[in-house]
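Model the placement of chain W on the given structure of chain L, informed by the hints.
Protein chains in written order, with my numbering: chain L, 45 to 228; chain W, 2 to 291.
Source of the hints: derived by calculation from the structure; they are not laboratory data. Warning: the hint list may mix true and false statements.
Here are some, though not all, of the chain L residues that point toward chain W, as calculated from beta-carbon distances under 7 Å [stated by the list, open to error]: (1) ASN117; (2) LEU118; (3) PRO121; (4) SER123; (5) LEU124; (6) PRO125; (7) TRP130; (8) HIS131; (9) GLY132; (10) THR220; (11) ARG221.
Keep in mind it's a predicted model, so treat the numbers as computed, not measured. C-beta: ideal position from N, C-alpha, C; glycine also.
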Amino acid sequence: MKWVVKWAMPLALCLGLTGAALAQGVQSPQGYRQSDYDAPVPDDLAGAITIGDDAAYALWRSGRVVFIDVMPNLARPKSLPEDAVWHGRSRQSVPGAIWLPDVGFGTLDAAALAQLDAGLMAVTGGDRAVPMVFLCRANCWMSWNAAKRAVTRGYTHVFWYRDGSTGWTFWDWPTTRLKVFQSQ
Amino acid sequence: MSAPTTRTLLCALSLAVALPFAAMAGGSSSFLPDYMKTPNPMRQSDSWTDFLREETVGAALVLDGEDLMALDAPVQAFDAATVPFTLRQRDDTGMRITNLKIVVDENPMPLAAEFVFGKAMGAVTFESRVRYDVFSNIRAVATLEDGRTFMVGRFVEAAGGCSAAVSRDPVAALATMGQMRLKQFDTSAGQSNEAPGATRDVQLMIRHPNFTGLQVRSGTLDAIDARYIDFIEVKLGDEMLFTMLGGFSISENPSFRFSYIDNGAAEMSVRVVDTEGSEFTETFALRSGT
Chain L
45 MKWVVKWAMP LALCLGLTGA ALAQGVQSPQ GYRQSDYDAP VPDDLAGAIT
95 IGDDAAYALW RSGRVVFIDV MPNLARPKSL PEDAVWHGRS RQSVPGAIWL
145 PDVGFGTLDA AALAQLDAGL MAVTGGDRAV PMVFLCRANC WMSWNAAKRA
195 VTRGYTHVFW YRDGSTGWTF WDWPTTRLKV FQSQ
Chain W
2 MSAPTTRTLL CALSLAVALP FAAMAGGSSS FLPDYMKTPN PMRQSDSWTD
52 FLREETVGAA LVLDGEDLMA LDAPVQAFDA ATVPFTLRQR DDTGMRITNL
102 KIVVDENPMP LAAEFVFGKA MGAVTFESRV RYDVFSNIRA VATLEDGRTF
152 MVGRFVEAAG GCSAAVSRDP VAALATMGQM RLKQFDTSAG QSNEAPGATR
202 DVQLMIRHPN FTGLQVRSGT LDAIDARYID FIEVKLGDEM LFTMLGGFSI
252 SENPSFRFSY IDNGAAEMSV RVVDTEGSEF TETFALRSGT
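Just chain L, with the same shape it has in the complex:
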């Protein structure tokens, strides 16, 4: 029984500290996350519903929810010869999702804003109640930013798929290669 006495204090301290660290979580910024997008994310997003893998899968199976992937694309290097064939990054994600690669950054230029508005218009037809799921991958602020933008624009059924494609592919659910959304 001696060892219990000997280790009780360090053990309790250890557990207590870990618990405190976990409970603290990640603070949500006032506006949008502006840098270090590959980092731990908050547990939730005000105005949106945070979902896990199973909920995302169920929503996808329902066929009535729009999936919006905001993982950034690989920019074509300017130094590449003009005749070189370039296909960008192969984004394997939820089948049927639309891919808006520029809308998850902290600050959007005019082109990115246009992409966001055109993309949202294309999938909702202007109906603010259309349910939509935003995703990128686990520990990625891009989907958090983008979902917040949708909430700010008045969309009422915004889901934030926190683990994104990382969670999706972990379960071996089907994926397809997404094409970058082009507005007509």
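Coordinates of chain W only, in the frame set by chain L:
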């Protein structure tokens, strides 16, 4: 259960276990399902069906190439910037591969290289290394003399190789760019040095950073401009051995190991051109040359 029955059962069982493996060793047994022929068969790919097929072969009919050639590539690669592959044409096919394309489906620039082979290549054995951006198939698309197109492929788990750090200081890499070496391997005893007609085995190594344009300088994180070898011509004396049109999916310091049929030529000459228009040439004396 009586002893003879047990023995019969055991016999049958061991046969059942051994047969598939025996067939696997044979290699070209097409009755086996893909997963028994190789641990990493090619997977269904949207990229191929959506646009790569059209880009690579156009409207041509693509036939299963497992009986013509074998493509070896690892299940997982240690270094996504240098994923090795080997293409071996089976000796007994009696048909000449005139054109070979190496495609990495999910790379930003999927066509790694297109080779045109001369007669002296014989039954093609070709080995090199490619970059991998994300998990992907690698496929070899071969066109024969008679115009038919065959394809084999493997799936490799490797990622990050197109933007992976440059292995040496970029300035130093540019300073030694274009240096070449040819390693000549001893041919098997008994048939060596009986030129012409003997099969030779060599490795051509070219110093070139093959910058993808996706890499950054360490420290400053400035982008390094794309600059890669887009043309190689290798001649055996006056005879064309092969040419290559390349993209940045070929790894830095490109290395090609291949075999050829000795035509008696005393030297092998290599001409390399990169996307900046720099031209490098080298001539190697062949040990077996007359």
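Cross-check of the supplied hints:
At its closest, the beta carbon of L/ASN117 sits 10 Å from a beta carbon of chain W; the interface hint therefore is violated under the 7 Å criterion. Hint status for L/LEU118 relative to chain W: holds, with the closest Cβ pair at about 6 Å, below 7 Å. With 7 Å as the threshold, the beta carbon of L/PRO121 comes within range of chain W, its nearest partner Cβ sitting at about 3 Å, so the hint holds. Hint status for L/SER123: holds, given a least beta-carbon distance of 4 Å to chain W, under 7 Å.
A distance limit of 7 Å between C-beta atoms decides the matter here; for L/LEU124 the minimum to chain W is near 5 Å, and the interface restraint holds. This hint holds: L/PRO125 has a C-beta 5 Å from the nearest C-beta of chain W, less than the 7 Å allowed. About 6 Å separates the beta-carbon of L/TRP130 from the nearest beta-carbon of chain W, less than 7 Å, and the hint is met. At about 6 Å, the closest approach between the beta carbon of L/HIS131 and any beta carbon in chain W falls short of 7 Å, and the interface hint on this residue holds.
Interface hint at L/GLY132: satisfied, since its Cβ lies 6 Å from the closest Cβ of chain W, which is below the 7 Å cut-off. Taking 7 Å as the C-beta contact cut-off toward chain W, the hint placing L/THR220 at the interface holds, the least distance being around 5 Å. Using the Cβ-Cβ criterion of 7 Å, the hint placing L/ARG221 at the interface with chain W is satisfied: the shortest such distance is roughly 4 Å.
Checked against the numbered hints given earlier, the structure breaks only hint 1 and satisfies all the rest.
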